[in-house]
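For this one, chain B is given, so just place chain S on it according to the hints.
Quick mapping for you: the protein sequence lines, in order, are chains B and S. Positions in the first sequence are counted from 1; adding 694 to them yields this note's numbering. Positions in the second sequence are counted from 1; adding 694 to them yields this note's numbering.
These are calculated hints, taken from the structure and not from any lab test. Check each hint, because a few of them may be wrong.
Identical chains share a label here; the pair holds if one copy fits it or two copies do between them.
What the hints assert, rightly or not - Taking lysine to any residue and the SDA-like style, the derived pairs with C-alpha atoms no more than 25 Å apart in a straight line are:
1) Lys978 - Glu926
2) Lys727 - Arg918
3) Lys727 - Glu954
4) Lys927 - Ala782
5) Lys730 - Arg918
6) Lys1095 - Leu1138
7) Lys1052 - Trp971
8) Lys727 - Asp1040
9) Lys703 - Thr947
10) Lys856 - Ala1129
11) Lys730 - Phe910
12) Lys1052 - Asn994
13) Lys1052 - His1142
14) Lys974 - His999
2 protein chains.
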Amino acid sequence: MTDLIQTVKNPLGALGSIYTDQYELTMAQGYFKSGKYEQQACFDYFFRKVPCDGGYVVFSGLDTLLEVLSDLCFDDEAIAYLAEQGFANDFLEHLRAFRFEAEVLAPREGELVFPFEPVVRVRGGLLEAQIVESALLNVLNFESLIATKASRLREAAGPDKKVIDFGLRRAQGFAGMQLSRAAVVGGCDSTSNVFAGYRDGIPITGTQAHSWIQSFDTELEAFRTYADAFPEKCILLVDTYDTLESGVPNAITVGKEMEERGERLDGIRLDSGDLAWLAKRARKMLDDAGLDYVKIAASNQLDEHVIKSLLDQDAPIDAFGVGTRLVTSYDCPALDGVYKLSQVDDKPRLKLSESRVKVNFPGHKQVLRLIDEQGMFYGDCVVVDGQTEPDHMHHPFDDDKHVAIEGFDNETLLRPVMNDGEVLVDRPSAHDAAAYAQERLDRLPGEHKRFQNPHVYKVGLSEQMRDLRDRTLQTARKTHLNEDR
Amino acid sequence: MTDLIQTVKNPLGALGSIYTDQYELTMAQGYFKSGKYEQQACFDYFFRKVPCDGGYVVFSGLDTLLEVLSDLCFDDEAIAYLAEQGFANDFLEHLRAFRFEAEVLAPREGELVFPFEPVVRVRGGLLEAQIVESALLNVLNFESLIATKASRLREAAGPDKKVIDFGLRRAQGFAGMQLSRAAVVGGCDSTSNVFAGYRDGIPITGTQAHSWIQSFDTELEAFRTYADAFPEKCILLVDTYDTLESGVPNAITVGKEMEERGERLDGIRLDSGDLAWLAKRARKMLDDAGLDYVKIAASNQLDEHVIKSLLDQDAPIDAFGVGTRLVTSYDCPALDGVYKLSQVDDKPRLKLSESRVKVNFPGHKQVLRLIDEQGMFYGDCVVVDGQTEPDHMHHPFDDDKHVAIEGFDNETLLRPVMNDGEVLVDRPSAHDAAAYAQERLDRLPGEHKRFQNPHVYKVGLSEQMRDLRDRTLQTARKTHLNEDR
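Next up, chain B with everything else stripped away, as it sits in the complex (with noise of 0.2 Å):
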């Protein structure tokens, strides 16, 4: 089935490369003409703040991105299109020839990123690095940012607890493809979404409905139907008329029968009204009646903090299946993700703002991550590409505030994934990533971790990096502001 889940990787095909704003080609064509597109280009991709006003970013969506961007080419169908829109002849048959050959550096899927720092970093023809931006954007800002909202899940839920992707049907549209892998490269350890389990092999879950338990005439006929077919995994939905008049003990009774055939019911579930309150009495009937292997599993707009809150009660819940908040990521649906020309040849580049946050770090950089003695992340120092062992890092934007990081281990995060066209890296399953998200989260230090008001993690530019930027400041300050500072 290889071929085949290679192909639903990138549901875009070879239409890839006209899933871009306009803009990108409008300058691409610019480039062309002007006989600029040869020109050697940096692209950073970075963001300046943190979703759910959490503390860091769990990086995804690379393995959809590389898949995108592998079979990026301009079909003869995408031509005629554009050559109705009034792209130029000349242009367009430059872009049926296109292929995209760019380096492009990225850490791996699953690790910690944090704001101002290149994450993802394209070097190549000025313009081939830049038609990819929009595509680059849409899947790195998006998958991101669910596997960081699963991060908070499974932060909230603690590693013993089950927490499921039951989201699909309020997914944003077609983000239902590829969400769930992101979910649980975040945390999440299963998916009720079929497709997700068929695109990334990862594993899939699911019981019934409301609809299955009313289309029989009694709840109890509808509970044994369905232990009959399914006695291997048999999860009965209590709330369907009443959870403890009718449903859980309905449940009991099939329960009890189950055993009786030598059987075992699986679980039960909540999907209404005070979870907390619910399963404490449900968990009560249940172990009363002997049924005490039964597992409760809960659903019904739950997010991090609901999950903390139940678990702080002590509600006795096996399994959350999250839905809504978890894949649109509810109170924080987008992730600020920007990509910004930061070198042109030898020239760094930037754009000026009244904002100093907003004025991008220019030329080709890297990012080490310092590592103290018990293993755990102290900070990520950006440094000029090469640089390998800065003794201070700089705060980027108070000029006040430096440490010395001398004696600190470091790692390089930023790698080659893909140049000349080809991927460099082996695409790692989504398990692996989630594997790896987990390791890194166990030595980022709790305070960056918690809901409120987490900790800011350092993430700080070597001295040459920020001479760099204050030198190539100056110089834009003084070419198109006529300063003289």
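For chain S alone, coordinates are given in the frame of chain B:
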């Protein structure tokens, strides 16, 4: 290009059948095994809450849904995958022959729809009507959400300003394939998204990014080169270095040079800072230079509230580029649409709940839209299928409230759109659906359209419908709770 456009309309293709929650297939196997699968079932799609605390929802997504339902089949790959997941062979053989042949009723795309009324009705075999649930919800919830958000932007901008979807980069992943059409249905003029232009035949638009400007040594050179390449539709982004010190003066220089060549600068775009203040200053600078025909476009975290505020301040902005907050419906990123079983064979069905608003309306239903003497919408009456002239309408949850509705004209909202696997209606273009939505909005009284505390549009039940609901409720309580009320 028509064939290919049909293909990109449904990127799921034959795998649409597994774009579903596993429990749909688990239940389907249960229905199959227990012999219930051919019972005639009726499901209703409806929602309980309008997104963004608004007063109406613009129905969208039918076009995509009809495509997905028409293509629905279980191909060899899907069957093989489901076999690996443990589904039974006889059931999978049944799926191999499966085609979706149920009857689907729906309003026209662009129709205004309201909480609690059936929006889409699916009637057919229990198995076939069940397994389309996840895909139907996924598509309709999302596209209606975006159309509704776009409609609010249009409401804020008024009829004469341009509103453009700029959001692909922050869209929730592959949702970017389908969202722009919904945005146009709701009231956007065009999109930056080339794929969407291709897929849905909607206008695309775009100029240049900061990276274009940065790739040149000076802003003036960047503007000149762009004007040379695109003299017909040249819009210059003026905030890369300093909007009023650098961007606008350089744009004026280029605009005057274009005038000398007999060309016209189309516009400038503001993308940061205080847009009202900058637009006024820029307008004056342009006017003073004799460039009063040059338009001003604005972007940067716009939504309906910011647009309204800008226009309330008389900001001279001609076009709004809206990104993140449109494409994710940022302040309310999900429509809570559900799909509930309302009848099996001749038995009306409902789910009980402690919360009265969560009890669904049973039976086969239709919606009559009541029209007053001025042709304005007065309210919607949910009736038992076939009922045409109800004389009273009852509040669905408050027994004390009812109104006489004799003498109102009415329209039937739900019409057959698919049956026996055939699509029965003309598929509207985005433009046609948008025109229909606008025509309907013009007939919705203003109090339902305001952003703050909109007046709740009346949705009620005919006496016959109310009686059916109450009888079914009593029966359900008797059957499932041993109550005798």
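Handout entry: Broken hints, by number
Key = 9
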